[in-house]
Amino acid sequence: MIRTRFAPSPTGQLHIGGARTALFNWLFAKHHKGSFVLRIEDTDRERSRDEYTRGILDGLAWLGIAHDEGPFFQSTRTELYTEHALRLLREGHAYKCYCSVEELEEKKKRALKEGQKPSYDRTCRDKTGEQPDKPYVIRFKTPLSGTVAFHDLVRGEISFQCDELDDLIILRTDRTPTYNFTVVVDDALMGITHIIRGDDHINNTPRQIVMYEALKFTVPRFGHVPLIHGKDRARLSKRHGATSLLEYSDDGFLPEALMNYLARLGWAHGDDEIFSKEELIEKFDLPNVGKSPAIFDMDKLLWLNDHYIKSLPVELIAERLTPFIAALGHTADPVKLIQIIRNLQGRAKTLKEMAQMARFFFGEEIEYESAAKAKFLTPAARPILERFLNDFRELPSLDEASQRLLVETITKDYGKKLVDVIQPIRVALSGKVASPGIFEVIDILGKDVVERRIERAIASIA
RNA sequence: GUCCCUAUCGUCUAGUUCGGCCUAGGACACCGGCCUUUCAAGCCGGCGACUCGGGUUCAAAUCCCGAUGGGGACGCCA
472 MIRTRFAPSP
482 TGQLHIGGAR
492 TALFNWLFAK
502 HHKGSFVLRI
512 EDTDRERSRD
522 EYTRGILDGL
532 AWLGIAHDEG
542 PFFQSTRTEL
552 YTEHALRLLR
562 EGHAYKCYCS
572 VEELEEKKKR
582 ALKEGQKPSY
592 DRTCRDKTGE
602 QPDKPYVIRF
612 KTPLSGTVAF
622 HDLVRGEISF
632 QCDELDDLII
642 LRTDRTPTYN
652 FTVVVDDALM
662 GITHIIRGDD
672 HINNTPRQIV
682 MYEALKFTVP
692 RFGHVPLIHG
702 KDRARLSKRH
712 GATSLLEYSD
722 DGFLPEALMN
732 YLARLGWAHG
742 DDEIFSKEEL
752 IEKFDLPNVG
762 KSPAIFDMDK
772 LLWLNDHYIK
782 SLPVELIAER
792 LTPFIAALGH
802 TADPVKLIQI
812 IRNLQGRAKT
822 LKEMAQMARF
832 FFGEEIEYES
842 AAKAKFLTPA
852 ARPILERFLN
862 DFRELPSLDE
872 ASQRLLVETI
882 TKDYGKKLVD
892 VIQPIRVALS
902 GKVASPGIFE
912 VIDILGKDVV
922 ERRIERAIAS
932 IA
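Here the working numbering is used: the first residue of the first sequence is 472, the next is one more, and so on.
Where hints are given, some of them may not hold.
[Claimed, not checked] No farther apart than 25 Å at their CA atoms in a straight line, the calculated lysine-lysine pairs in the BS3-like style are these:
no., residue 1, residue 2
1, Lys781, Lys748
2, Lys771, Lys823
3, Lys612, Lys567
4, Lys823, Lys883
5, Lys748, Lys844
6, Lys883, Lys846
7, Lys781, Lys771
8, Lys846, Lys781
9, Lys807, Lys762
[To be verified] Label-pair ranges, simulated between beta-carbon atoms:
no., residue 1, residue 2, range
10, Ala798, Gly886, 44 to 50 Å
11, Gly800, Lys579, 31 to 37 Å
12, Arg813, Glu550, 58 to 64 Å
13, Lys807, Gly741, 39 to 45 Å
14, Ser630, Ile766, 52 to 58 Å
Bear in mind the hints are in silico, worked out from the structure with no lab data behind them.
All C-beta atoms in this analysis are idealised placements derived from N, C-alpha and C, irrespective of residue type, glycine included.
Working from the sequences, and respecting the hints, build out all of it.
Pasting the structure below:
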């Protein structure tokens, strides 16, 4: 059975790149009827924070990615790593290194200056004898020669010369394990069959493979997916806008849209653009993943979000929109809310924007946009509004046909165009020059509110 | 500096495995038109790319080599 994992470190928010890696792992596992494991790599105790772990968990849940096993925390598994590190030491695959941080820093600087690669010079590799009073780290004995090659599931053959690799620290002075070691131990012990991760890990792969071999573990398959870049073609970071997954939630994006977008970043299935979660599981596979980095394109995400706002069931949109309405200080009548959404679908690209647009449907007082008032709430418009108000009071029904007849009659009587009558009304009711269809607005607002707002608009002209 | 990865419209990509069906397809964005009570949406149309140079071949976006561009990695971070 295929087993994949997502192994973030809780040293920051779950960002778009991480989320996509998680998504690919999850889709790959689901596609092959396998299992998806979540593991939190919190071996850096300085920088790991519980709030980030929570953020990662919440983010994945929001996106709709559910892990089958875990979350496992590396901080609870330290004995395991120590045990295997000691085993390597015993079997001659690792050694104690007494070099101090300062010495190493010095050596590196010198090497770089002389145009050499800044890797560890293996001073302690062949030293014999203990130095009981000195602190030490345990380093892995990387083979000195030969090549390490592997078949990458998205890139094909990749090989490295062993002399490019240096002897990595696997246990720190304080006996805590380091990343390249824990990842090997855990992936092996957890039975991970396919490691799908960002291509920034390609360089780590040969180092890890030699450890798998020394530990006599089965080497898993690797697939390195390209990183996501910002507009400047550099790795995505804070300055590229919303980078935490949950920020997209707060900004009014739908998880359906984000999942669809993320999946299409670096992966394609012919010319298809729209994929439900089920379709993604059915169609996703590693051979279709591209090799070059993709640039995050907000416009396309917005387009997809817009698409899902229009196509998901209104009830679902209502449920998702409610918190945004609440954030603006309003509560919506469920029936009315559905009506409002139907009129705003196709106009708003995000839930946040939709709530903003829906604002005038709520509350008693509305504010006029100054440009709108200046242009349409004019002395010239006053008689039209008065006439409308007068006739509207007598209107027996708010259905579109009755309303249309009324507005058209006024238009004809004044020798105007439809737009000349409707715009002042629109501003009177919404405060803005742009709104959903005016008859729909009137219907949603209801007779009383319409009358009061027209009265107020007339009074405002004065 | 060294190593590794990568290269089709502005962006995401199809096509590359098995060279001809590619005068390179789709989508986003952009521009124009239609529709129209505003704004959107929708519909129709337009702009727009095989990084470059050598090969191989009757034929190359597709295969080979090189250059260049871009990215990543070189931590007692993950």
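Outcome of the hint check:
no. : hint                        : verdict
1   : Lys781 / Lys748             : holds, 17 Å
2   : Lys771 / Lys823             : holds, 17 Å
3   : Lys612 / Lys567             : holds, 10 Å
4   : Lys823 / Lys883             : violated, 40 Å
5   : Lys748 / Lys844             : violated, 46 Å
6   : Lys883 / Lys846             : holds, 22 Å
7   : Lys781 / Lys771             : holds, 15 Å
8   : Lys846 / Lys781             : violated, 32 Å
9   : Lys807 / Lys762             : violated, 48 Å
10  : Ala798 / Gly886: 44 to 50 Å : holds, 46 Å
11  : Gly800 / Lys579: 31 to 37 Å : violated, 58 Å
12  : Arg813 / Glu550: 58 to 64 Å : holds, 59 Å
13  : Lys807 / Gly741: 39 to 45 Å : holds, 42 Å
14  : Ser630 / Ile766: 52 to 58 Å : violated, 29 Å
This entry does not satisfy hints 4, 5, 8, 9, 11, 14, going by the numbered hints stated previously.
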